[in-house]
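Engineer: Sequence:
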Amino acid sequence: MATPDFIRALRATAGHQLLWLPGVSATVFDDQGRVLLVRRADTGRWSIIGGICEPGEQPARTAVREVYEETAVCCVPERVVLVQALDPIEYPNGDRCQFMDITLRCRAVGGEARVNDEESLDVAWFPLDGLPELEDFVLTRIKQALADGPAWFDPGIDL
Numbered sequence: 003m004a005t006p007d008f009i010r011a012l013r014a015t016a017g018h019q020l021l022w023l024p025g026v027s028a029t030v031f032d033d034q035g036r037v038l039l040v041r042r043a044d045t046g047r048w049s050i051i052g053g054i055c056e057p058g059e060q061p062a063r064t065a066v067r068e069v070y071e072e073t074a075v076c077c078v079p080e081r082v083v084l085v086q087a088l089d090p091i092e093y094p095n096g097d098r099c100q101f102m103d104i105t106l107r108c109r110a111v112g113g114e115a116r117v118n119d120e121e122s123l124d125v126a127w128f129p130l131d132g133l134p135e136l137e138d139f140v141l142t143r144i145k146q147a148l149a150d151g152p153a154w155f156d157p158g159i160d161l
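Sequence positions in the sequence shown follow this note's numbering and run 3 to 161.
Everything labelled a hint here was simulated from the structure, so no lab data went into it.
Mixed in with the good hints, there may be bad ones.
Claimed, not checked - Using C-beta positions, here's what the derived DEER-type ranges look like:
hint	residue 1	residue 2	range
1	D150	R98	31 to 41 Å
2	A16	G112	30 to 40 Å
3	L20	V78	25 to 35 Å
Glycine included, C-beta positions come from ideal geometry on N, C-alpha and C.
Sequences are here, hints too, so could you generate the full structure?
Structural biologist: Structure (structure tokens):
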């Protein structure tokens with residue numbers, strides 16, 4: 003994931019300290035029920051599309067922007083699928099971040115899937131019965147996007 007300019011500016015004064023950031027993940031489906039995946043340049047793994055909200059940017063707008071920037075696919079967000087605070091991560095350069103992930107189910111409405119920036123090695127539509135090897139993070143979000151129930155969230159308390 004390319005580092006946004008506003009994060010670079012924060013890092014100039016914050017150093018490597020933990021930054022709490024809003025992140026958006028997009029599960030994009032086409033009219034055939036296939037899911038859009040990207041093979042990430044940083045890990046080589048297949049994943050759904052995601053990114054960081056710019057200051058003042060609504061999560062739905064972030065999803066639309068990130069999907070187009072990475073895949074050249076135009077999409078429309080349909081609903082919130084999941085909201086989850088992720089575990090803190092540390093990058094090789096020592097920067098630490100923790101993301102509040104908002105996952106949205108989106109419907110493709112145009113464009114042709116292709117690598118559209120340096121963040122992806124490959125972009126493709128996959129039928130649900132022909133998914134490549136995926137991390138649990140991705141599988142959970144696809145599963146929740148397919149469910150008819152309300153958005154999933156971790157209540158953070160024992161009920």
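Engineer: All hints, please: hold or fail.
Structural biologist: Status of each hint after checking the structure:
Checking the proposed 31 to 41 Å range against D150 and R98 shows it holds: the Cβ atoms sit about 37 Å from each other. One distance hint, 30 to 40 Å for the beta-carbon pair A16 and G112, holds here, with the actual separation near 39 Å. At about 34 Å, the CB distance of L20 to V78 agrees with the hint of 25 to 35 Å.
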